[in-house]
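Based on the hints, put chain W in the right spot on chain U.
2 protein chains.
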Amino acid sequence: MHKKLFIPGPVEVKEDVLAKMSRHMIGHRTNEASELQKNITKKMQKLFYTNNSILLSTSSGSGLMEGAIMSCTKKRAAVFSIGAFGERWYEMAINNGVEADIFKSQWGKPTDPDEVDKVLSSGKYDLITITHNETSTGVMNPIEEIGHVLSKYPEVVFCVDTVSSAGGVKIEVDKLGIDICITSSQKALGLPPGMAICTFSEKARKRAEGVKNRGYYFDLLRLYKYIQKKDHQYPSTPSISHMYALDYQLDKILEEGLENRFDRHSTMANKVREWAKDRFQLFADEKYASNTLTTVKNTKDIDVSDLNKKLGKKGFMISNGYGTLKEKTFRIAHMADTNLNDIVELLETMEDILKL
Amino acid sequence: MHKKLFIPGPVEVKEDVLAKMSRHMIGHRTNEASELQKNITKKMQKLFYTNNSILLSTSSGSGLMEGAIMSCTKKRAAVFSIGAFGERWYEMAINNGVEADIFKSQWGKPTDPDEVDKVLSSGKYDLITITHNETSTGVMNPIEEIGHVLSKYPEVVFCVDTVSSAGGVKIEVDKLGIDICITSSQKALGLPPGMAICTFSEKARKRAEGVKNRGYYFDLLRLYKYIQKKDHQYPSTPSISHMYALDYQLDKILEEGLENRFDRHSTMANKVREWAKDRFQLFADEKYASNTLTTVKNTKDIDVSDLNKKLGKKGFMISNGYGTLKEKTFRIAHMADTNLNDIVELLETMEDILKL
Numbered sequence: 000m001h002k003k004l005f006i007p008g009p010v011e012v013k014e015d016v017l018a019k020m021s022r023h024m025i026g027h028r029t030n031e032a033s034e035l036q037k038n039i040t041k042k043m044q045k046l047f048y049t050n051n052s053i054l055l056s057t058s059s060g061s062g063l064m065e066g067a068i069m070s071c072t073k074k075r076a077a078v079f080s081i082g083a084f085g086e087r088w089y090e091m092a093i094n095n096g097v098e099a100d101i102f103k104s105q106w107g108k109p110t111d112p113d114e115v116d117k118v119l120s121s122g123k124y125d126l127i128t129i130t131h132n133e134t135s136t137g138v139m140n141p142i143e144e145i146g147h148v149l150s151k152y153p154e155v156v157f158c159v160d161t162v163s164s165a166g167g168v169k170i171e172v173d174k175l176g177i178d179i180c181i182t183s184s185q186k187a188l189g190l191p192p193g194m195a196i197c198t199f200s201e202k203a204r205k206r207a208e209g210v211k212n213r214g215y216y217f218d219l220l221r222l223y224k225y226i227q228k229k230d231h232q233y234p235s236t237p238s239i240s241h242m243y244a245l246d247y248q249l250d251k252i253l254e255e256g257l258e259n260r261f262d263r264h265s266t267m268a269n270k271v272r273e274w275a276k277d278r279f280q281l282f283a284d285e286k287y288a289s290n291t292l293t294t295v296k297n298t299k300d301i302d303v304s305d306l307n308k309k310l311g312k313k314g315f316m317i318s319n320g321y322g323t324l325k326e327k328t329f330r331i332a333h334m335a336d337t338n339l340n341d342i343v344e345l346l347e348t349m350e351d352i353l354k355l
Numbered sequence: 000m001h002k003k004l005f006i007p008g009p010v011e012v013k014e015d016v017l018a019k020m021s022r023h024m025i026g027h028r029t030n031e032a033s034e035l036q037k038n039i040t041k042k043m044q045k046l047f048y049t050n051n052s053i054l055l056s057t058s059s060g061s062g063l064m065e066g067a068i069m070s071c072t073k074k075r076a077a078v079f080s081i082g083a084f085g086e087r088w089y090e091m092a093i094n095n096g097v098e099a100d101i102f103k104s105q106w107g108k109p110t111d112p113d114e115v116d117k118v119l120s121s122g123k124y125d126l127i128t129i130t131h132n133e134t135s136t137g138v139m140n141p142i143e144e145i146g147h148v149l150s151k152y153p154e155v156v157f158c159v160d161t162v163s164s165a166g167g168v169k170i171e172v173d174k175l176g177i178d179i180c181i182t183s184s185q186k187a188l189g190l191p192p193g194m195a196i197c198t199f200s201e202k203a204r205k206r207a208e209g210v211k212n213r214g215y216y217f218d219l220l221r222l223y224k225y226i227q228k229k230d231h232q233y234p235s236t237p238s239i240s241h242m243y244a245l246d247y248q249l250d251k252i253l254e255e256g257l258e259n260r261f262d263r264h265s266t267m268a269n270k271v272r273e274w275a276k277d278r279f280q281l282f283a284d285e286k287y288a289s290n291t292l293t294t295v296k297n298t299k300d301i302d303v304s305d306l307n308k309k310l311g312k313k314g315f316m317i318s319n320g321y322g323t324l325k326e327k328t329f330r331i332a333h334m335a336d337t338n339l340n341d342i343v344e345l346l347e348t349m350e351d352i353l354k355l
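Going down the list, the sequences are from chains U and W.
Following numbering that gives the first Met the number 0, the numbering of the first sequence begins with 0 at its first residue and continues without gaps.
Following numbering that gives the first Met the number 0, the numbering of the second sequence begins with 0 at its first residue and continues without gaps.
Only chain U is shown next, with the shape it has when bound in the complex (with noise of 0.2 Å):
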């Protein structure tokens, strides 16, 4: 029995968008790979609100998180974390030799703005990185007050993993100066992942010009080099399946209006936030919950693991909380092409099982 998905990624993709992932194939050096390469570019550059350069790889969104902080950074990185994403980040710097700091807020707490500044004014770093939404905590960081912040450090290159909100929440990336904003295909854009996506300012691609060591596939300098000159075609073979799906995708969003999908995305999260309420508690500040997913105190001490078996059988599936969160939260996602009806079923078909 198909469970519909309502956990972080990956999110319930439309059959007509699965039906994409199983054209024929065609060659990665032809005509029309470079024209469904730079449609894809252009769509991405309407969701994005930006005209910097668009690139994709073939890979989990993690893999141009390592790239942007390795290509980008020459003196030292400062990795703001609000919880495992940031420190994912982190982690990756420090596997490459990258000089890097890190700046965690207490988990469910957002980025602090004055502590970014203070952390900027020092003057050590060239380099920063925010996590947008956090997957595990259920928080989005306030990423128009920290854009003004880093309005004042232009020698900063601004990275944003917006890996869980790109597609359901606006993200508005030359007005908010990001360099680099990267998002992956399997959240709120509602496709399978193995795509991640990220665009790519000239403050990006100068900084990576002076960078020594910025490796080899995920090295952004390199990719985007590659499809300037070879008209968007990519250095490695891309999953040309992904590519057909993303493309198709990124009309039906469209088509429905960005503000209509965002929208949308707010409406579910507020009557997930309600209901969550109501019965338990928000695990995150609420005035920086997701409008993505919405993460659960578990204040009643229910049986996480059991919920989920029981919303299975009856073709339903939400998430644990992540890692030591596991049991003490749960996490319900309201994103991609996820609509208030589905979320109405859900929690009609939680409250049956929990006897709430």
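FYI, nobody ran anything at the bench for these hints, they're computed from the structure.
Any given hint might turn out to be false.
One copy or two, it doesn't matter: identical chains are merged, so the pair holds either way.
[As the list claims (entries may be wrong)] The calculated lysine-lysine pairs, modelled on DSS-like cross-linking and capped at a C-alpha distance of 27 Å, are: (1) Lys-202 <-> Lys-286; (2) Lys-19 <-> Lys-251; (3) Lys-123 <-> Lys-211; (4) Lys-108 <-> Lys-123; (5) Lys-228 <-> Lys-251; (6) Lys-103 <-> Lys-74; (7) Lys-325 <-> Lys-312; (8) Lys-3 <-> Lys-309; (9) Lys-108 <-> Lys-308; (10) Lys-73 <-> Lys-211; (11) Lys-37 <-> Lys-325; (12) Lys-308 <-> Lys-325; (13) Lys-3 <-> Lys-19.
Okay, now just chain W, sitting in the frame of chain U:
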């Protein structure tokens, strides 16, 4: 109009295999995902005649090539190159600050086992990379003889790029003493691009333990440890679609029978080589000509681009020469699920067009 692909990747993928790419998503932290990944491992071990671990990577084969040289070189890597992909391996080392030297054979010639012996006898190197099958030149290296040389150097980690040969040619990993044997989905395995696979020996694992900067996404030791601990689940969200297709296709490959499959490749290769020798010349030294693709020397000075355009109108596609060999050579792939009838049909169509 769909063009049947006779290019060295992406290859023609059968409809039933493509259909598996469209399956509904499942959570990557479920027993179902563990089961899927465990099944793939067992089947890949058969294909590679090995008891070593199997690592999957959502990337092209290049990713795991980078991961191998970065994760397992402690002292210095000796990169033996017989064409474009050997040169790429050297670039990967240098771009990551890994100490390495490159030893190039003339394009069209194989790696000389005696040279390997001489280089390794210096005691300077603790890792060696060999391209088994070079897609630019159509040369297949004498991997048994090279493996024999390697057996004298137990401290050297033996890495082999079998991206364009595995699944089409017998590669007995354990017998040959290969520590890291790398391949990719879109060549002789007959799948869409987007997934890479490698074997990982105990010796490679022990070496990696002593290497400091192993990177993150392609850190083979991190992947290995994670799947050990998490019952074959991967640290980043993998391409579940590719895993479904790979699992299914491996069943088909094992049903055909590995020896039958290798024989089929050999028969197709002989046919193309005889044709090429009759009408043109082979680019590769015939003793080392590849069983998965043939690079044909354009001795008749035909217009290869034009030929490919005309072939396209009849539903076929071959490859022009690689890089500087463009127009000077052309390439016909005979791998994956292509059969002798397909090859005959292609060659007859080419003869018609070229009026040979």
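These are the hints, each one checked on the structure:
1. Lys-202 <-> Lys-286: Intra 32 Å, inter 52 Å, cutoff 27 Å: neither.
2. Lys-19 <-> Lys-251: Classified as both; 13 Å inside a copy, 23 Å across copies.
3. Lys-123 <-> Lys-211: Result: close both inside a copy and across copies, 19 Å intra and 25 Å inter.
4. Lys-108 <-> Lys-123: Within one copy, since 25 Å is at most 27 Å while 51 Å is not.
5. Lys-228 <-> Lys-251: neither (30 Å within a copy, 40 Å between copies)
6. Lys-103 <-> Lys-74: For Lys-103 and Lys-74, the Cα distance is within 27 Å only inside one copy (20 Å; across copies 36 Å).
7. Lys-325 <-> Lys-312: Intra 21 Å, inter 58 Å, cutoff 27 Å: intra-copy only.
8. Lys-3 <-> Lys-309: within (13 Å within a copy, 47 Å between copies)
9. Lys-108 <-> Lys-308: Neither, since 30 Å and 59 Å both go past 27 Å.
10. Lys-73 <-> Lys-211: both (8 Å within a copy, 20 Å between copies)
11. Lys-37 <-> Lys-325: between (42 Å within a copy, 25 Å between copies)
12. Lys-308 <-> Lys-325: Classified as within: same-chain Cα gap 15 Å, cross-chain 58 Å, threshold 27 Å.
13. Lys-3 <-> Lys-19: both (20 Å within a copy, 19 Å between copies)
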